[in-house]
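Colleague: Residue numbers (the numbering used here), protein chains in the order written: chain L, 24 to 185; chain V, 98 to 492.
Hints listed in this document are in silico derivations from the structure and should not be mistaken for laboratory results. Quantities reported herein were computed from a predicted structural model and do not represent experimental measurements. Note that the Cβ used here is the ideal one computed from N, Cα and C, for glycine as well. Watch out, some of these pointers could steer you wrong.
Partial selection, computed: residues in chain V whose CB lies under 7 Å from chain L [unchecked claim]:
(1) Phe124
(2) Gly137
(3) Val138
(4) His473
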Amino acid sequence: MATMDELLRLLQENALETPENLAQMLDTNEEDVRQRIADYEQRGIIRGYQAVIDEDRLDVDVVTAVIEVKITPQREHGFNEIAERISRFPEVQSLFLMSGAFDLLLFVTGRTLHEVALFVSDKLATIEGINSTATHFMLKTYKQNGVLMHSEDEYERLQVSP
Amino acid sequence: MNDSRSPRDRVGRVVRDLPRSGIRDFFELVAARDNVISLGVGEPDFATPWRVREATIFALEHGATSYSSNLGLPQLRRAISSYVKRRTGVEYDPKTEILVTVGVSEALDLAMRALLEPGDEALYHEPSYVSYNPVIRLAGGTPVAVETGSEHGFRVTRARLEECTGERTRLLLLNYPNNPTGAALEPADVAEIAAFARERDLLVLSDEIYGELTYDRDHCSLISQPGMKERTVYLHGMSKAWSMTGYRLGFACAPAELIEAMMKIHQYTMLCAPTPSQKGAIEALENGDEDVESMRAEYRRRRNVMHSRFEAMGLPCMRPDGAFYMMPWIGDTGMTSKEFAVRLLEEKDVAVVPGTAFGECGEGYVRCCFAASMDHIRAALERIEAFLASEKVSQ
């Protein structure tokens, strides 16, 4: 089975790493790194660069809800048409087709509970083909995109050892 | 009765004559300073993978706090047997051919004490891990250093072994991938050394604790060679590749008679390895491959960065194939290894270990460990570059 290019892994960990540093780590040259990144961008493999933010530490109002949605699949389109339509709402941050007790899983953000509730009741639930929704509000983030939102305690290490 | 002997005189002669580790004095210098960036720690900067910590916590919560069998938990010995077979193709019987120890250091000590008679000579290669020479002496043996140099990539050669082998040579101690040079043996080296050991009827202690940490090719174990399982004590442990230094968990694999001999000493001294650590080790060996792979990938990146920067700043340096150390040549600065390390510490607050701590042939080198974080490595390299630049200006 093919494995992911190490360059992509490094960018996934820290997209701000400079081409010079990446080249040193990968034992190649800067030009090669720049070319590979450009190629990945052009092919749509790298689709964007984002910071992972611990919103709990920010003094801003952000409410995130996880919403389970059951839908009726449509002839010739299956789940895709409704899913693609829902994904265009700016409130929807992520959307996945799921196996199991429901069909779609949405991550939705708003400034207040009321704002998210309005989105669900007025926009989401009223779309034809949506049978039911179950909304869960997120209370605290411990880990996101593989990044811990808390630090491990610093443990004092020896400065020199054999 | 008034006894006139001083406390010092009461210490046994072998221990009294044993010099302190070359690192010790330097360690005290480092400890007296704040804000030191250290490349001197031979220890992963990663905490133990969470799955292993979690398994250890689970074991404690469920009362795994008693002694284990002297040989180690049967489940761990089975896990070790599977692991070694998976990595080397060689099968050891978990009932009789595997001993779990308190770190690989204990396994090494047990093997020396069990196998050496007073006056027996034991070959080991230098530069080497600081304990090898003293452990041989403490076991009553006579250490014989086989010097290795950068001209052969710090790999021991048959020719040098021939020169150092005599009538009383009983044992050969090998450590590849190597601390402090980062050298790893190539398949041809391993075949050559194995042939030599068979011809000279030598026992081999093969410390392969860095066996998981090779970067450009797979590790080539001595026990995989024909006829070597019968004459080798394979030493390994969880400290380095699984980042479990504080667990103090190692193991030895060898023919049953040798394990039985080592176990006799172990049962009267250590008794058994810590049981919670053994539980953690089972999880590491059975399910830790991905954790090792991700740490190895990170070490590889750090090695590449450190090596290319040393070369760029004019410090020639063998690119290590394994472990997490490299030894740049600083001889051209006109300083000795110790002078270089002390001045770098005092002027730039960077700790590296003088090469002479690992044997006299380490003169002209300093050991730098790339198990430090990438940020620390980059910052330390900046300071070393500035140190070299200021040295050139002042000359």
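Colleague: Please flag the earlier hints that this structure goes against, numbers listed from lowest up.
Modeller: The structure conflicts with hint 4 only, although it agrees with all the remaining ones.
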